[in-house]
Amino acid sequence: MLVVMQSHATAQEIEQMVQAIRKMNLTPHPMPGATRTAIGITGNVGAVDPRTLEVLPGVMELIRVTKPYKLASREMHAADTYVRLPQSTIGPGTFTLIAGPCSVENEEMILRTADFLLKQGVRLMRAGAYKPRTSPYAFQGMGREGLAILARVREQTGIGIVTELMDTDNADAVEQVADIIQIGTRNMQNFSLLRRVSRATKPVLLKRGMSATLEEWLMAAEYVMAGGNYNVILCERGVRTFSDHSRNTLDLSVIPPVKHLSHLPILVDPSHGTGRRDYVAPMALASLAGGADGLLIEVHPDPDHAVSDGAQSLTFAAFEKLLESLKRLAEPLNRTLN
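For the sequence shown, the positions run 1 to 338 when this note's numbering is used.
Please note: incorrect hints may appear among the correct ones.
Straight-line C-alpha distance at most 27 Å; calculated BS3-like pairs for lysine-lysine [as the list claims (entries may be wrong)]:
no. : residue 1 : residue 2
1   : LYS119    : LYS67
2   : LYS259    : LYS119
3   : LYS67     : LYS23
4   : LYS202    : LYS119
5   : LYS327    : LYS119
6   : LYS259    : LYS67
7   : LYS259    : LYS202
It should be emphasised that the hints constitute simulated quantities derived from the structure, not laboratory data.
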């Protein structure tokens, strides 16, 4: 259910509505708009009786929301969501680049990458301190030491940090360092982890599960939003299919449906989506043309000697070349790279 307040509704009337919803043992989600405030209602297992709410002062109308993902749906929140960070803003009209190595390997490499990205105008760096790997013998990340490196580089350069959270045990440590907390594909339906980041003060980058439908993906976003964290960024990173010509099948066809059904911004990860660095640039350009709000790209100063995912990481020179192509394409599309 969505309660739409009149444009002249007072703060007292809005608060009265919020308290009335709470008395029904439901959860209100006030969403101030440019002209009026709407209040979403979640927590009901059946239909909400509108009669006790529609008679309250300041109410314009009550609208039933049919989608199971209430807060992530355009039915409840028609306007696009902009995720605002100290370094950048993610949302329509812009095209945000998040780049960096798969994992933190050492401080010199991370600092070198951060300096390079900032010179290119990229203000958000991705790098994993914790790495979920298929093999237990593969490099698992530097853990707390990796987080400490990211914190020092952020303090020295001012670059924003995007890093993955794998479990609730390390949530406080990751939240303290990250500007955006990444939830990886394997944890898209880790509901305990989603509930934890729903209480976080940082935005959440939610990668699509490798076999997840669009509805399952948006329902995972709903877990985060239902707990009070409305700053959710979706990320398409490829799904598992029968195709063997690339690491995954990058599903760019999901972008228009996401934009139609949800107000949340969507990024694309062509690095994991293809698994090969020579495929990354074409898919990055296709993502921009397809309406995505940005990219998550792996960039490494020496990919051939990277400890993880070197085959899909761009060199600095290749990233510069891609950046020039993105700028040329963005201009006729009225998009601004940031």
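Structure-based check of all given hints:
1. LYS119 - LYS67: Roughly 44 Å between the alpha carbons, so the hint for LYS119 and LYS67 is violated.
2. LYS259 - LYS119: 32 Å, violated
3. LYS67 - LYS23: 24 Å, holds
4. LYS202 - LYS119: 25 Å, holds
5. LYS327 - LYS119: Satisfied, since the Cα-Cα distance of roughly 15 Å is no more than 27 Å.
6. LYS259 - LYS67: 15 Å, holds
7. LYS259 - LYS202: It holds: about 23 Å lies between the C-alpha atoms, which stays within 27 Å.
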